[in-house]
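Peer 1: One line per chain: the protein sequences are A and B, in this order. Position one of the first sequence corresponds to residue 125 (our numbering), numbered consecutively onward. Position one of the second sequence corresponds to residue 9 (our numbering), numbered consecutively onward.
Calculated directly from the structure, the hints in this document are not laboratory data. Worth double-checking, as some hints may not be accurate.
DMTMM-like, lysine to aspartate or glutamate: derived pairs with alpha carbons at most 25 Å apart [said to hold, decoys possible]:
#: 1; chain 1: A; residue 1: Lys608; chain 2: B; residue 2: Glu19
#: 2; chain 1: A; residue 1: Lys522; chain 2: B; residue 2: Glu92
#: 3; chain 1: A; residue 1: Lys589; chain 2: B; residue 2: Glu92
#: 4; chain 1: B; residue 1: Lys61; chain 2: A; residue 2: Asp300
#: 5; chain 1: A; residue 1: Lys148; chain 2: A; residue 2: Glu184
#: 6; chain 1: B; residue 1: Lys70; chain 2: A; residue 2: Glu602
#: 7; chain 1: A; residue 1: Lys294; chain 2: B; residue 2: Glu19
#: 8; chain 1: A; residue 1: Lys294; chain 2: B; residue 2: Glu58
#: 9; chain 1: B; residue 1: Lys93; chain 2: A; residue 2: Glu257
#: 10; chain 1: A; residue 1: Lys288; chain 2: A; residue 2: Asp338
#: 11; chain 1: A; residue 1: Lys608; chain 2: B; residue 2: Asp36
#: 12; chain 1: A; residue 1: Lys589; chain 2: B; residue 2: Glu95
#: 13; chain 1: A; residue 1: Lys608; chain 2: B; residue 2: Glu67
#: 14; chain 1: A; residue 1: Lys455; chain 2: A; residue 2: Asp300
#: 15; chain 1: A; residue 1: Lys608; chain 2: B; residue 2: Glu92
#: 16; chain 1: B; residue 1: Lys18; chain 2: B; residue 2: Glu117
#: 17; chain 1: A; residue 1: Lys422; chain 2: A; residue 2: Glu184
#: 18; chain 1: B; residue 1: Lys93; chain 2: A; residue 2: Glu602
#: 19; chain 1: A; residue 1: Lys522; chain 2: B; residue 2: Asp100
#: 20; chain 1: A; residue 1: Lys608; chain 2: B; residue 2: Glu117
#: 21; chain 1: B; residue 1: Lys70; chain 2: A; residue 2: Asp601
#: 22; chain 1: A; residue 1: Lys448; chain 2: A; residue 2: Asp262
#: 23; chain 1: A; residue 1: Lys295; chain 2: B; residue 2: Asp74
#: 24; chain 1: B; residue 1: Lys70; chain 2: B; residue 2: Glu41
#: 25; chain 1: A; residue 1: Lys589; chain 2: B; residue 2: Asp36
#: 26; chain 1: B; residue 1: Lys70; chain 2: A; residue 2: Asp338
#: 27; chain 1: A; residue 1: Lys608; chain 2: B; residue 2: Glu58
#: 28; chain 1: A; residue 1: Lys295; chain 2: B; residue 2: Glu58
#: 29; chain 1: A; residue 1: Lys288; chain 2: B; residue 2: Asp49
#: 30; chain 1: B; residue 1: Lys70; chain 2: A; residue 2: Asp502
Some chain B residues near chain A, calculated using beta-carbon distances under 7 Å [unchecked claim]:
#: 31; residue: Asp49
#: 32; residue: Leu121
#: 33; residue: Met122
Backbone N, C-alpha and C define an ideal beta-carbon position, used for all residues, glycine too.
Residues per chain, in single letters:
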Amino acid sequence: MINKVRPHLSQNELLVFERSSPGKKAYQLPELDVPAVDAAEALGAANVRAEIEGFPEISEVEAIRHFTRLSTWNYAIDYGMYPLGSCTMKYNPRINEVVARTEALAWAHPYQPAALAQGSMAVMAQLEAALAEITGMDAVTLQPAAGAHGELTGILLIRALLEKRGNPRKKILIPDSAHGTNPATAAIAGYAVQNIPSSATGVLDVSALAQIVDKDVAALMVTNPNTLGVFEENIIQAAEILHKKGAMLYMDGANMNALVGIARPGDFGVDVMHLNLHKTFSTPHGGGGPGAGPVAVKKVLEPFLPAPRLKRTGKKWAWDYNRKRSIGRVKAYYGNFGVLVRALAYILAHGGPGLRNATVDAVLNAVYIRKRLEAYYDLPYSQANMHEVVFSDHRQAKLGVHTGDIAKRLIDYGFHPYTVSFPLIVHGALMIEPTETEGKHEIDQFIEAMISIAQEIETDPQLVKTAPHGTRTSRVDEVTAARKPVLRWKPA
Amino acid sequence: MYPENFRYTKEHEWVAAVGDAGTIGITDHAQQELGDIVYVDLPKAGTHIEQGKSLGSVESVKAVSDVYSPVSGEVTEINQTLAEKPEILNSDPHGAAWLVKIKLSAPAELAGLMSAAEYEAYIGAEK
Chain A
125 MINKVRPHLS QNELLVFERS SPGKKAYQLP ELDVPAVDAA EALGAANVRA EIEGFPEISE
185 VEAIRHFTRL STWNYAIDYG MYPLGSCTMK YNPRINEVVA RTEALAWAHP YQPAALAQGS
245 MAVMAQLEAA LAEITGMDAV TLQPAAGAHG ELTGILLIRA LLEKRGNPRK KILIPDSAHG
305 TNPATAAIAG YAVQNIPSSA TGVLDVSALA QIVDKDVAAL MVTNPNTLGV FEENIIQAAE
365 ILHKKGAMLY MDGANMNALV GIARPGDFGV DVMHLNLHKT FSTPHGGGGP GAGPVAVKKV
425 LEPFLPAPRL KRTGKKWAWD YNRKRSIGRV KAYYGNFGVL VRALAYILAH GGPGLRNATV
485 DAVLNAVYIR KRLEAYYDLP YSQANMHEVV FSDHRQAKLG VHTGDIAKRL IDYGFHPYTV
545 SFPLIVHGAL MIEPTETEGK HEIDQFIEAM ISIAQEIETD PQLVKTAPHG TRTSRVDEVT
605 AARKPVLRWK PA
Chain B
9 MYPENFRYTK EHEWVAAVGD AGTIGITDHA QQELGDIVYV DLPKAGTHIE QGKSLGSVES
69 VKAVSDVYSP VSGEVTEINQ TLAEKPEILN SDPHGAAWLV KIKLSAPAEL AGLMSAAEYE
129 AYIGAEK
């Protein structure tokens, strides 16, 4: 039974170009109160054009309706649960927006002299300190613009340290359950990638690791908890194995939402890690960003952090550009400042106990979903999970229904799909992460939808294989779209 | 299902060789796992390839996967049909949808690959 949603009229909408009608406009300018300037004379006739071909011309109300109608076609965290595993699609508290819109922060300019930017610099210093405390690391750079950018920064830091020690080494080890960005990062940083298979229980195989780590290994990149949502309980031994051979331990912080306030990577042997502020720290996520992927390091890597660094001189904050061993800038200016403000607002609004509660709730929600769904969906790894849970479509596939079909049917029930076919070590994966955002009512509706779909597959698999049925657009032909892509709109 | 005269890799490629003339493709199991193939990226004729190194890639609606060369040698010909009709990799992976022809530089490498029976046992176990 579909309980959460009812059919709802939504309006068709032409492209804004198709709505255009010459001469319409959505603005009114006041009379000129200065002498008019002839643009052709001022700029040169070659640089002036009378019109922009194809530029849409519509009225104000048409512009408002156009974008409002389009917005009603979306699914968003503000409508309901967004259980996209490993993405930590949590609610973005409105207080973050209020703080980020504070005039002095919203209108700050990166070229403002330091003497006039002390408040903004204090915000950044406070966030660096908070993230260092949360991760148990010694220093933080806020420059990287997103998670993968943070990864690359982190591996370049490791390379810089190893080069200084005389040998950058050749390889980065990456478990087969890793995010795809990890091997891409290693390759871009000039390292060969060596995959290491997970143990039968889906975690790092420490005895295998001990065999593999040699003088060619620069680092191990590990996500903890891993992409199965399982805590890497041998992480301390793994760190010891690496450190004995002069290699480093990199942690992908994608799943930090399971650890904040409970466990600190710096305490279990991690040398460098990144955080995704747009995941764990509730800044807007998706829609093209911007994101932020700060990197936290142990002391030994601190000299290599991107310049400039914040420096306290007396009572003032200053930028220290004189960083001889720095790997250099990785981003224009100082990072995505507006995102940093939101993350600090989130951290301070929660406080230490609040952050810990959020983590506990995130884990509780995922464990509750697992317990209620494991009778209906195959659970390939049975270790205790933390903030996310990974099922497989093993049972449903026997009736010809796969994870992608179940995800599409979930749309009919009023939910955004879970993550499909990832992690790669689970065949036909359904990866579900509810986050602490959801209360029991919403989670129960999700669970009931998943159970209902499992029952539909038993009685009418075709219904699920052809889903979604209640959406504006029925199932999209992804194959033809990929084989014969039409990438440009052309006027009829 | 899996031709007796082919040799197979753990990464799901096949090679059929007569003397030092080989033909390379991906297995039926590989195309099933990938789903609908939408694009195939192949090296130029004349390229020298080492065993186990990437020969190109196959893109499906689900993923892009590297194809690893089962043997070392020089690429002598690539299958031009795949550029226009990548979907034949789904319908005829062991026949019309071969990827490249190769002049083997070390035919002894073939002995290290799996037979059809071994490969079938391997994918049975992998499932």
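Peer 1: Tell me if the straight-line CA distance from A:Lys148 to A:Glu184 falls inside 25 Å.
Peer 2: holds (9 Å)
Peer 1: Does A:Lys608 pair with B:Asp36 here, judged by a C-alpha cut-off of 25 Å?
Peer 2: The hint holds at about 24 Å.
Peer 1: Run the distance test for B:Lys61 versus A:Asp300: straight-line Cα separation, threshold 25 Å.
Peer 2: holds (18 Å)
Peer 1: Does A:Lys589 pair with B:Glu92 here, judged by a C-alpha cut-off of 25 Å?
Peer 2: violated (29 Å)
Peer 1: Against the 25 Å threshold, does the CA-CA distance of B:Lys18 and B:Glu117 hold or violate the hint?
Peer 2: holds (14 Å)
Peer 1: Using 7 Å as the Cβ threshold, decide whether B:Asp49 counts as touching chain A.
Peer 2: Because about 14 Å separates B:Asp49 from the closest Cβ in chain A, which is outside the 7 Å limit, the hint is violated.
Peer 1: Hinted pair, alpha-carbon criterion (25 Å max): A:Lys294, B:Glu58. Please report holds or violated.
Peer 2: holds (19 Å)
Peer 1: Straight-line Cα separation of A:Lys288 and B:Asp49 no greater than 25 Å?
Peer 2: With a Cα-Cα distance of about 39 Å, the restraint between A:Lys288 and B:Asp49 is violated, given a limit of 25 Å.
Peer 1: Taking 25 Å as the top limit, are the C-alpha atoms of A:Lys608 and B:Glu92 close enough?
Peer 2: The hint holds at about 10 Å.
Peer 1: CA of A:Lys522 to CA of B:Asp100, is that 25 Å or under?
Peer 2: Holds: A:Lys522 and B:Asp100 sit about 24 Å apart, inside 25 Å.
Peer 1: Holds or violated: A:Lys294 with B:Glu19, Cα cutoff 25 Å?
Peer 2: holds (24 Å)
Peer 1: CA of B:Lys70 to CA of A:Asp601, is that 25 Å or under?
Peer 2: Answer holds: B:Lys70 to A:Asp601 is near 13 Å, not above 25 Å.
Going through the hint list in order, the structure does not satisfy hints 1, 2, 3, 9, 14, 17, 20, 26, 27, 29, 31, 32 and 33.
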